[in-house]
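A.B. asks: Listed here are the chains, written in short residue letters.
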Amino acid sequence: GAVVSQHPSRVICKSGTSVKIECRSLDFQATTMFWYRQFPKQSLMLMATSNEGSKATYEQGVEKDKFLINHASLTLSTLTVTSAHPEDSSFYICSAPDLTSGGYEQYFGPGTRLTVT
Amino acid sequence: SQKIEQNSEALNIQEGKTATLTCNYTNYSPAYLQWYRQDPGRGPVFLLLIRENEKEKRKERLKVTFDTTLKQSLFHITASQPADSATYLCALDRYGGSQGNLIFGKGTKLSVKP
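Residue numbers (the working numbering), protein chains in the order written: chain A, 4 to 120; chain B, 8 to 121.
Take these hints with a grain of salt, some might be off.
[Said to hold, decoys possible] Straight-line distance between alpha carbons at most 27 Å, and here's what the computed DSS-like set of lysine-lysine pairs gives:
#1 B:Lys62 to B:Lys116
#2 B:Lys120 to A:Lys44
#3 B:Lys62 to A:Lys44
#4 B:Lys116 to A:Lys23
#5 B:Lys62 to B:Lys120
#6 A:Lys67 to B:Lys116
#7 A:Lys69 to B:Lys113
#8 A:Lys44 to B:Lys116
Because the hints were derived from the structure by calculation, they are not lab data.
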């Protein structure tokens with residue numbers, strides 16, 4: 004089946020610094036990828052839709068200047084958390100649809116645990 | 008606003024029994040509904056998708072039902088095993104047939120005791 008990878012799996016950074024998270028589709032092309040955030044014991048919340056070659060679409064309440072998304076190729080999307088603060092500490096997960104099955108099934112990456120100190 | 012509720016935060020059952028998880032939704036008429044499995048510290052893994060015109064779907068020991076009148080889906084795992092212990096999430100497409108813009112429930116944590 005389709006495989007999505009994320010890097011890094013865990014990152015600890017100091018408050019005020021920026022962190023980049025990569026999401027790659029390993030054996031398929033993804034013109035669209037999705038970025039979610041999950042707080043402990045909470046559901047996954049969609050942050051933004053990443054579109055290859057165009058601007059990302061952000062969900063209501065998500066600051067686009069804080070969470071920069073770049074989808075530079077058909078297999079790579081990056082999420083940069085700028086000027087991170089402790090409240091940005093969360094589990095960030097990306098996904099991509101498997102278009103061979105109609106695009107409704109989402110393949111998720113393993114997630115990135117961000118801790119801001 | 009659209010809401011998904013998975014009524015049980017946790018479900019504990021004995022190995023070999025059938026686990027039944029519930030997903031209810033309001034203010035919405037989804038074209039399809041999906042179930043995912045999530046292990047601690049990992050991303051969700053797709054299990055099953057059921058469309059609005061399907062009443063039931065099966066895959067090995069898994070069965071999903073979809074009642075659009077009750078606005079409810081039931082997820083069954085028969086002959087449960089300790090390896091089935093995980094959090095199970097239901098998800099709906101937000102805009103009716105869109106590819107990937109999903110709303111997730113909080114999940115039900117299933118524990119299967121040997």
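A.B. asks: Indicate, hint by hint, whether the structure satisfies it.
C.D. replies: Verification of the hints:
Of the supplied pair hints, the one linking Lys62 of chain B and Lys116 of chain B holds, its CA atoms being roughly 25 Å apart against a limit of 27 Å. The hinted pair formed by Lys120 of chain B and Lys44 of chain A meets the criterion: a straight-line CA distance of about 22 Å does not exceed 27 Å. In summary, the hint linking Lys62 of chain B to Lys44 of chain A is not supported, as the alpha carbons are separated by about 30 Å, beyond the 27 Å threshold. Restraint check for Lys116 of chain B and Lys23 of chain A: not satisfied, since their Cα atoms lie roughly 31 Å apart, outside the 27 Å limit.
Among the hinted pairs, Lys62 of chain B with Lys120 of chain B is inconsistent with the structure: their alpha-carbon atoms are about 30 Å apart, more than 27 Å. Taking the CA atoms of Lys67 of chain A and Lys116 of chain B, the gap is about 33 Å. The hint is violated against a cut of 27 Å. Taking the CA atoms of Lys69 of chain A and Lys113 of chain B, the gap is near 26 Å; set against the 27 Å cutoff, the hint holds. For the hint pairing Lys44 of chain A with Lys116 of chain B, the CA-to-CA distance comes to about 10 Å; that is within 27 Å, so the pair holds.
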